[in-house]
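Chains A and B, in that order, give the protein sequences.
Quick note, in the numbering used here, the first sequence goes up one by one and the last residue is 734.
Quick note, in the numbering used here, the second sequence goes up one by one and the last residue is 1018.
Since the hints were derived computationally from the structure, they do not count as laboratory data.
Just so we're clear, the structure is a prediction, and the values are computed from it rather than from any experiment.
Please note that the accuracy of each hint is not assured.
Claimed, not checked - Dumping the calculated DSS-like pairs for lysine-lysine here, alpha-carbon to alpha-carbon at most 27 angstroms:
| # | chain 1 | residue 1 | chain 2 | residue 2 |
| --- | --- | --- | --- | --- |
| 1 | B | Lys-861 | A | Lys-474 |
| 2 | A | Lys-686 | B | Lys-892 |
| 3 | B | Lys-793 | B | Lys-764 |
| 4 | A | Lys-615 | B | Lys-764 |
| 5 | A | Lys-78 | B | Lys-927 |
| 6 | A | Lys-372 | B | Lys-985 |
| 7 | A | Lys-52 | B | Lys-806 |
| 8 | B | Lys-793 | B | Lys-806 |
| 9 | A | Lys-78 | B | Lys-908 |
| 10 | B | Lys-854 | A | Lys-615 |
| 11 | A | Lys-78 | A | Lys-52 |
| 12 | A | Lys-52 | B | Lys-908 |
| 13 | A | Lys-52 | B | Lys-927 |
| 14 | B | Lys-793 | A | Lys-52 |
| 15 | A | Lys-615 | B | Lys-806 |
| 16 | B | Lys-764 | A | Lys-349 |
| 17 | A | Lys-619 | B | Lys-863 |
| 18 | A | Lys-110 | B | Lys-863 |
| 19 | A | Lys-545 | B | Lys-854 |
| 20 | B | Lys-908 | A | Lys-372 |
| 21 | A | Lys-220 | B | Lys-892 |
| 22 | A | Lys-615 | B | Lys-828 |
| 23 | B | Lys-985 | A | Lys-476 |
| 24 | A | Lys-545 | A | Lys-52 |
| 25 | B | Lys-828 | A | Lys-52 |
| 26 | A | Lys-78 | B | Lys-793 |
To be verified - Some chain A residues judged to face chain B by a derived CB distance under 8 angstroms, without partners named:
| # | residue |
| --- | --- |
| 27 | Tyr-37 |
| 28 | Glu-215 |
| 29 | Asn-252 |
| 30 | Ala-334 |
| 31 | Arg-392 |
| 32 | Ile-409 |
| 33 | Tyr-496 |
| 34 | Val-563 |
| 35 | Asn-606 |
| 36 | Phe-635 |
| 37 | Leu-636 |
All C-beta atoms in this analysis are idealised placements derived from N, C-alpha and C, irrespective of residue type, glycine included.
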Amino acid sequence: AAAQEQTSASAPAQTGVFEIGFRGGSVTGDEARFERYRDLRNGANINLNFTKQTDGYWFNAEASNAGYRDQRYAVGYKSDTLTFSAFWDSIPLNYGYNTLTPWTGVGTAKLTLDTAARTAVQNGQALGVPYLATQLGTASIYRGLAQRFDLEHRRDTLGVGFGYSVNRELALDIAFQSVAKAGTQPWGASYAFRNANEVPLPIDHRTNELSVAAEWANQKGMFRAAWEYSAFSNAFDAFEWDNPSRVTDFSNGRTPPLGPYDPSGYSNGNGPAFGRQSVFPDSTSNTVSFLGMVKLPRRTVVNGGFSVTDMSQNDTLIPWSSNAVINQPLVWAAFPELAALERSTAEAKVRGMNGQVNLSSRPTSTVGLNLKYRHNNHSNFTRPFNATEYVRFDAVPEETGSENHPYSIARDTFDATASFNLVGMTTLRVGYGYDSFNRTSRAHNDMTDNIFRVTLDTMGNQRLTLRAGYEYNKRKGDGFSVHAVEEGGGQPGLRYYDEADRNRSRFSLLATLLASDTADITAQVAYGQDKYQGPGLEFGLRDAKTVTYNLGFNLYPMDTVIVGVNYGRDTFNSMQKSRNANPAPDPSWTDPNRDWYLDNDETVNNVDIFVDVLKAIQKTDLRFAYSFSDSDNAFLHSGPRIDTLRAIGQSEALPNVTNRWQQARIDLRIYATDRVGVGVEYWYEKLDITDFATVNLDGTNQPRIDYLGGLTTGYGNRPYKGNTFFVRLIVTPF
Amino acid sequence: STDSAGVKAPPGQQAEYVGQDTCLGCHEGKVAPGAHARAFNPNSPAATQGCESCHGPGKAHVDGGGDATQIKRIGRLPGSEASELCTACHDRRKHALWAGSQHDSRNVGCTSCHSVHSAKGATAQLKAKSESELCASCHRPIVNKQNRFNHMPVRDGKLSCSSCHNVHGSANTKLLKAGTTVDESCTSCHQEKRGPYLWEHAPVSDACVTCHDPHGSNNDRMLVAKQPFLCQRCHVTSRHPPTVYDNYLLKTSQNANKIYGRSCVVCHQLVHGSNSPNGKAFLR
């Protein structure tokens, strides 16, 4: 048919781009950070994309980075009644290729240390974990035993989906997804204040998810019912690792409360021979949801939904301690609850419920109204678990614990916005929002946000778009319990910033000017401030402010050339207050001379530039892109406690943490014919960074794993510089 | 009338339609590409009224010698009015909650982001080369964050804005695609952290964004502030949490292990929840 022929003329029945080539490059510095979520090893480079469309179906297949750890494959098919899609996607997360660890068994749930070394450390014949500055001149015995390993893991996702249209109104969908994650990640594995270590945690878990949905729709509305099931399973039940300070469980031969354990074991490392941690537990999630929408007269739509989710986790609990000196009747006589767990599994359950209804109406060309109501409930039914008696760091039994705190949250949100279309295409909106939170086990049982909002959007002039908005949010908490703060040892004047009374102001302005047919300019300003206040508030986060500017322009000097530039500058400021004190009745607890402040100021600059020259030169495409981002992050302590420490030479400002990242890419494609071309691409990327939290061997960017109070993997923030070249044969066979 | 593709106008209105062939007689090559052209889909324009499925009956426009006032010029309509045309068909699945959603309520219509005839993006007929570039046209401060030192794999091409957000409306806050809370959205990928756990950390149960900025940050693990100072915003308790962690301690004390490396979580590593009976302080 003629129409079909015309369709075919503008949209070929088959399209595709096959790129086959080679890539190579070089990296200096932190290669893992350079690759982070990528795999840029030298080798073949294959990217394929093929699409076919006929009178009866549409089909697509694609592959990218074939053969590498960040490869992706996808296929899709659609016909009049059937849809099918499938994909395989890999995403690596590379932490460190220069990381080191003296523990052996990387990738397993049991990390071991050399027995002779541990024996030497326990007997005082060798340095294990340095904890005094005077020990830093001596290498830990474990530094010599450490082996290099790749600290990385990878997420592989397989997804398959089917759809069937029973008729024009009714459709059925079914989808399955399986996500596997395997490798290692940096992890804390500590025994005491002076024996805090980092090890590679083994990761080997999978999540299988199934969803089934039926949807009915016609010109008047729609309704959807769905069921989603998710099961997470971890190959590991627990994680164990040897203590670098000891080869045997410490015993002083005394009786509780003086022994046989060391009552100071949580501080000095006199704990167990090995430790045991819980790991990510197996869990399931079941959701049933309904979604509906009705179109009413006078340009009015009502939509909404309702869902119920059951989440459960019933993994086996690990024992109270790995320490045989604690796991004995002598200790159980003093700590009877440690003789056995009160239950063997977690029995953790949460039910989530969400209901919402929205009404959107534009009954006339001048007035509109949006109404929303939403109720969300997160009810935690996990049975109480008594851990008043517990074991700290597998080293010391104590009676300072408590029951667990299953947190439940109910949230009700109402929002009303009236819009008034003014002259031209200019709309003024005035809105009010009410957000109510009801929680259990928090300091404030209730929290209410009252939100006032006004926005002005204009597109009345084809040349100018202006969007401005201001929002004021006043949060007020009720039912404050000082006990909830003090229970964990908190100062009574502490207010948690996620529930404290606060005033929030936000303003944003976006202006886009089409200066001519060949140029546009965009400017953005945004300001936000949270001021925490309210009765009794003294400690915690007091103030947080963000100011952002962006200015950009695009030039279109001809149809084949586009140039874009944007510069952005962000500043962040926050102020928090604390008190350096021991618990009451120690006089420091109430001594305002122990107060200190932290002013955290960060400035970030961001630049993005791109130039696309597409066929301006015959048979040639040229793309250039440059991105830049830096950060200067300052930590300024002040207050009477700081003054006192400075006076005795025991306070010194932290250096700023800075980074500067830049990336340039140039992609040149020259086509010999309409169907065959050659592509050359070059990437340059560089990171400069200084961070006091990254510890190196003196005068190098190489990790030092034995530093004050810990043994680490050396994972940190280090600079890199990378160059990557691509050479490709580009074929468009259709 | 019936055009050459066999598309019929509705009864009673047939006389108002001229058929796609007539449109293409003047608007050469303006056939809507992509999904709109799939005639095998009974809901597509190609299977119904062709060009006039979206632009309305064209007889008056043709009779007027191409009178532009006698045809729907969708790109010139206010966003909400253009969206009403699109949502006549695109009103199901991920579009079901469009009406009244954040973008709809600010007059950001379908044609603000999509162009049926002049798309620049490889997918979804976007008006920009990529989702990030498109979203940046309004949300530049957010998109800039993907250039920060710690970021999601967005700039690496493994995720995009729509991996987490459904810009067409959602049952969650912030137009999040999965779940009904911020946590449920995050744990739809980070399933290992969803628990529920025997011991929970209050802000984790409430919202991951209390501590993390998922759009990118210059702090490790995309934290909203650097450790240990982030933790010290809440843990003004006793002994070690309110210690002044400065350069003096970093160089001289075993307390340096709260400043360098993993900082607080070198001991409190199970900060997202613990299943140990000793999990109150997330040490095991």
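Here's how the hints hold up against the structure:
1. B/Lys-861 x A/Lys-474: Status violated; Cα separation ~38 angstroms.
2. A/Lys-686 x B/Lys-892: holds, 20 angstroms
3. B/Lys-793 x B/Lys-764: holds, 18 angstroms
4. A/Lys-615 x B/Lys-764: holds, 21 angstroms
5. A/Lys-78 x B/Lys-927: violated, 36 angstroms
6. A/Lys-372 x B/Lys-985: violated, 55 angstroms
7. A/Lys-52 x B/Lys-806: Violated. A/Lys-52 to B/Lys-806 sits at ~31 angstroms, over the 27 angstroms cutoff.
8. B/Lys-793 x B/Lys-806: holds, 12 angstroms
9. A/Lys-78 x B/Lys-908: Not satisfied, since the Cα-Cα distance of roughly 31 angstroms exceeds 27 angstroms.
10. B/Lys-854 x A/Lys-615: With a Cα-Cα distance of about 15 angstroms, the restraint between B/Lys-854 and A/Lys-615 holds, given a limit of 27 angstroms.
11. A/Lys-78 x A/Lys-52: holds, 11 angstroms
12. A/Lys-52 x B/Lys-908: violated, 37 angstroms
13. A/Lys-52 x B/Lys-927: Since the Cα atoms of A/Lys-52 and B/Lys-927 sit roughly 41 angstroms apart, the hinted pair is violated (cutoff 27 angstroms).
14. B/Lys-793 x A/Lys-52: violated, 34 angstroms
15. A/Lys-615 x B/Lys-806: Answer violated: A/Lys-615 to B/Lys-806 is near 33 angstroms, above 27 angstroms.
16. B/Lys-764 x A/Lys-349: violated, 56 angstroms
17. A/Lys-619 x B/Lys-863: holds, 20 angstroms
18. A/Lys-110 x B/Lys-863: violated, 48 angstroms
19. A/Lys-545 x B/Lys-854: violated, 37 angstroms
20. B/Lys-908 x A/Lys-372: Within the cut-off at roughly 14 angstroms; holds.
21. A/Lys-220 x B/Lys-892: Status violated; Cα separation ~38 angstroms.
22. A/Lys-615 x B/Lys-828: Violated, at roughly 37 angstroms.
23. B/Lys-985 x A/Lys-476: violated, 42 angstroms
24. A/Lys-545 x A/Lys-52: violated, 52 angstroms
25. B/Lys-828 x A/Lys-52: The given pair, whose Cα atoms are some 25 angstroms apart, holds under the 27 angstroms limit.
26. A/Lys-78 x B/Lys-793: With Cα atoms ~33 angstroms apart, A/Lys-78 and B/Lys-793 exceed 27 angstroms; violated.
27. Tyr-37: Status holds, d = 4 angstroms.
28. Glu-215: It holds, given that the least Cβ distance between A/Glu-215 and chain B is near 6 angstroms, below 8 angstroms.
29. Asn-252: Violated - the Cβ of A/Asn-252 stays beyond 8 angstroms from chain B, reaching only about 22 angstroms at its closest.
30. Ala-334: violated, 17 angstroms
31. Arg-392: Hint holds; A/Arg-392 Cβ to chain B Cβ min 7 angstroms, cut 8 angstroms.
32. Ile-409: Interface hint status for A/Ile-409: holds (6 angstroms vs cutoff 8 angstroms).
33. Tyr-496: holds, 5 angstroms
34. Val-563: violated, 13 angstroms
35. Asn-606: Because about 4 angstroms separates A/Asn-606 from the closest Cβ in chain B, which is inside the 8 angstroms limit, the hint holds.
36. Phe-635: holds, 7 angstroms
37. Leu-636: violated, 10 angstroms
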